[in-house]
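Engineer: Sequence:
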Amino acid sequence: MSKYIVIMICLVSLASSYIPDINNLILFPEHKFIINPEQYNRVADFSRAESSHSYDVRHYQLNLTIPMTSSAYSGLARIKIVPRVANFDTFNLDFASLVCDSVKRAGNNLVFLANNNRLKITLDRAFSIGETCLVEIFYRRNSGLSNLGVYYYPRGTYPAIMYTTTEPYDSRYWFPCFDENWDKAEQGCEIYVTVPDSFTVCSNGLLDSVIANNGWKTFYWSHQYPIITCLMTFTASIYSTWSHWYRPSATDSMEIKYYVWRVDSSRSHTAFQNVLDMMQFFADDNMYGFYPFEKYGMNATYPFVWGGMENQTITMIHRNWLNGNDNGIAHELAHQWWGNMVSCFTWKEIWLNEGFATYSDALYLRHQLGHTQFINTMNSRASYYFQEDLTYRVALYDMPINNLFTWGHTYCKASWVQHMLRYITGDTTNTNGIFFQAMRVYGDSFKYVNASTQDYRRIMEQMTGLNLEWFFNEWIYQAGYPKYYYNWSVEPTTIPEQYRVIVRINQNNGSNAPAVFHMPLQIKFTASGYDTTVLIPIATSPQTDTFFTSFSPSAMTIDPNNWVLKRTYLGIEEVAGANAGKPLYKIYPNPFRGQVKLDYNLSLGQSMEILIYNRAGQMVRNYNLTPKYNNYLIWDGKDNQGRQVSAGVYFVKLKNGHKTYHEKIVKLQ
Numbered sequence: 179m180s181k182y183i184v185i186m187i188c189l190v191s192l193a194s195s196y197i198p199d200i201n202n203l204i205l206f207p208e209h210k211f212i213i214n215p216e217q218y219n220r221v222a223d224f225s226r227a228e229s230s231h232s233y234d235v236r237h238y239q240l241n242l243t244i245p246m247t248s249s250a251y252s253g254l255a256r257i258k259i260v261p262r263v264a265n266f267d268t269f270n271l272d273f274a275s276l277v278c279d280s281v282k283r284a285g286n287n288l289v290f291l292a293n294n295n296r297l298k299i300t301l302d303r304a305f306s307i308g309e310t311c312l313v314e315i316f317y318r319r320n321s322g323l324s325n326l327g328v329y330y331y332p333r334g335t336y337p338a339i340m341y342t343t344t345e346p347y348d349s350r351y352w353f354p355c356f357d358e359n360w361d362k363a364e365q366g367c368e369i370y371v372t373v374p375d376s377f378t379v380c381s382n383g384l385l386d387s388v389i390a391n392n393g394w395k396t397f398y399w400s401h402q403y404p405i406i407t408c409l410m411t412f413t414a415s416i417y418s419t420w421s422h423w424y425r426p427s428a429t430d431s432m433e434i435k436y437y438v439w440r441v442d443s444s445r446s447h448t449a450f451q452n453v454l455d456m457m458q459f460f461a462d463d464n465m466y467g468f469y470p471f472e473k474y475g476m477n478a479t480y481p482f483v484w485g486g487m488e489n490q491t492i493t494m495i496h497r498n499w500l501n502g503n504d505n506g507i508a509h510e511l512a513h514q515w516w517g518n519m520v521s522c523f524t525w526k527e528i529w530l531n532e533g534f535a536t537y538s539d540a541l542y543l544r545h546q547l548g549h550t551q552f553i554n555t556m557n558s559r560a561s562y563y564f565q566e567d568l569t570y571r572v573a574l575y576d577m578p579i580n581n582l583f584t585w586g587h588t589y590c591k592a593s594w595v596q597h598m599l600r601y602i603t604g605d606t607t608n609t610n611g612i613f614f615q616a617m618r619v620y621g622d623s624f625k626y627v628n629a630s631t632q633d634y635r636r637i638m639e640q641m642t643g644l645n646l647e648w649f650f651n652e653w654i655y656q657a658g659y660p661k662y663y664y665n666w667s668v669e670p671t672t673i674p675e676q677y678r679v680i681v682r683i684n685q686n687n688g689s690n691a692p693a694v695f696h697m698p699l700q701i702k703f704t705a706s707g708y709d710t711t712v713l714i715p716i717a718t719s720p721q722t723d724t725f726f727t728s729f730s731p732s733a734m735t736i737d738p739n740n741w742v743l744k745r746t747y748l749g750i751e752e753v754a755g756a757n758a759g760k761p762l763y764k765i766y767p768n769p770f771r772g773q774v775k776l777d778y779n780l781s782l783g784q785s786m787e788i789l790i791y792n793r794a795g796q797m798v799r800n801y802n803l804t805p806k807y808n809n810y811l812i813w814d815g816k817d818n819q820g821r822q823v824s825a826g827v828y829f830v831k832l833k834n835g836h837k838t839y840h841e842k843i844v845k846l847q
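For the sequence shown, the working numbering gives the first residue as 179, with consecutive numbering after it.
By construction, these hints were calculated from the structure, which means they are not laboratory data.
Owing to the predicted nature of the structure, the values given are computational and were not obtained by experimental measurement.
There's no promise every hint is true.
Stated by the list, open to error - Computed beta-carbon distance windows for the label pairs:
no., residue 1, residue 2, range
1, D430, G604, 31 to 37 Å
2, S623, K764, 52 to 58 Å
3, R571, S728, 30 to 36 Å
4, R793, T335, 51 to 57 Å
Backbone N, C-alpha and C fix where the C-beta goes; we use that ideal spot for every residue, glycine too.
Given only the sequences and the hints, what does the whole structure look like? Please build it.
Structural biologist: So this is what it looks like as structure tokens:
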């Protein structure tokens with residue numbers, strides 16, 4: 179996603195619109211949410227599909243006249259459709275909070291009925307399957323309506339502005355349309371906007387011309403690529419503009435144009451200074467391949483209830499991103515491939531859009547700042563997901579429509595799904611391999627159309643030769659994540675310089691989650707000057723595996739390279755009565771301040787050694803134990819020299835004869 183933003187909101191100018199929670203804007207940078215959730219109890223109908231719909235929309239042409247003195251405007255929508263059924267003579271469009279004055283076809287007035295947010299049109303004759311039908315709808319939006327779909331703010335401290343933002347189902351509030359994700363207008367759209375001549379309009383595609391006429395200007399925008407309704411947009415304000423030129427080859431160039439208020443022009447050059455580098459990074463032949471559209475641009479908007487919106491070829495961002503937000507800017511650019519070029523088939527599969535873009539902005543961060551920052555970002559997003567999962571556990575597939583844009587699930591967990599797919603396909607180096615090849619094949623296979631989760635799985639399987647049914651079942655169609663409780667022991671074998679390492683892993687993943695996540699786990703064993711990494715295929719829970727090493731490990735790490743979305747706990751969860759055979763069976767409190775108590779089992783005649791190591795593998799304290807009435811030890815948090823050790827993670831090694839056991843404790847400040 180993006181770096182955090184802080185937004186100062188003028189309550190007066192936002193009186194007619196939703197005012198976002200400032201804390202949410204800070205925590206969740208793209209900050210998408212369902213603006214009008216009540217409507218979706220009725221609107222969201224995932225049962226409809228392209229193959230069963232009675233017509234296909236091929237093209238939209240919108241001609242709007244906007245005085246910019248209120249939220250009112252007049253419009254003419256020319257919509258080209260092709261019937262999918264015989265004797266096609268009536269059809270419905272989505273049409274909300276707008277007024278229809280007339281509908282025509284080939285100059286003939288048509289009968290229409292605007293009711294319940296739908297516009298029913300009766301044609302003047304029946305059309306056959308595949309026959310093109312072009313209707314003209316004359317309509318208007320009256321003033322005084324709430325901001326929804328289209329947003330208007332009058333001149334105040336800043337210039338007047340009108341813009342549209344509509345994901346997932348709000349396009350119907352600014353033009354008549356078939357407002358479903360899976361019906362792309364294959365021939366694109368044309369958006370013509372007439373405004374007072376001091377205003378500038380940006381929209382999808384290329385600006386063909388600007389015609390001045392007696393104090394007004396008409397901006398003629400055309401976009402000749404397939405597009406879904408929620409990615410169609412315009413913004414009108416008094417903008418200053420400037421451009422970058424992206425050159426994919428020595429003989430080709432493409433404009434990247436920026437629309438900002440004049441007061442923001444200087445800082446926008448700093449905010450957008452890396453956009454060319456982002457474009458080159460994503461469009462590289464080893465990443466996603468050639469940029470899929472004829473133009474790219476960005477317009478800064480305020481007030482704006484979201485952080486960013488990936489409108490096709492013209493991303494809309496919150497004005498405060500001009501303070502610096504490379505993550506957010508990279509995220510929205512990546513959407514041009516994942517969300518726009520390839521669009522999720524229905525909103526059930528929103529993770530395909532947002533997860534891909536969220537992983538993409540993390541990958542750009544790695545390119546920009548290095549692998550450590552990439553891992554830190556992924557771990558931070560894992561933490562957001564874990565926190566959200568505590569109170570809201572749901573599968574990525576078929577998210578409830580009113581919670582479509584949950585940051586922890588739709589963005590963070592979904593980006594980790596991409597990361598883990600990359601891991602299990604073997605693409606684990608910093609050079610891009612089979613995973614990115616598969617992504618490019620996926621993009622080419624579904625370029626300018628819609629794709630489903632199963633489509634994505636099929637491409638990944640074809641490219642890698644793997645059966646990924648288990649992965650998608652566990653990570654997409656079910657909720658939760660693995661919680662690994664583990665313990666391990668070391669003992670010498672009869673062979674010189676060979677040690678037997680026994681690893682026990684148990685999963686307790688909670689309700690509504692798979693009992694076992696079958697992610698293969700890398701396990702790293704280390705000692706001073708030595709390390710080795712093994713791979714454990716997870717088949718069951720609990721699971722015990724035995725390995726042989728040439729050294730006696732002092733530490734063990736699950737998933738040392740951070741490829742798996744998980745939490746780990748050193749210490750197998752025990753059932754009642756199971757502690758009898760466990761030498762070190764209780765540590766409390768853990769984490770601790772001051773001192774910690776370690777309970778152990780020590781039979782008469784036995785001896786035991788407890789050693790405490792810091793994360794660097796240095797021993798800080800050791801105890802030699804003999805049987806006594808109370809089998810426990812109090813560690814006061816000091817080293818062998820009597821000095822308090824620093825706060826952090828420590829490892830307890832218990833040596834009982836030839837066997838060694840390990841636990842983890844945490845000292846707080």
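Engineer: Now tell me if each hint is right for this structure.
Structural biologist: Checked hints:
no., hint, result
1, D430 to G604: 31 to 37 Å, "34 Å, holds"
2, S623 to K764: 52 to 58 Å, "56 Å, holds"
3, R571 to S728: 30 to 36 Å, "43 Å, violated"
4, R793 to T335: 51 to 57 Å, "52 Å, holds"
The structure shown violates just one earlier hint, number 3.
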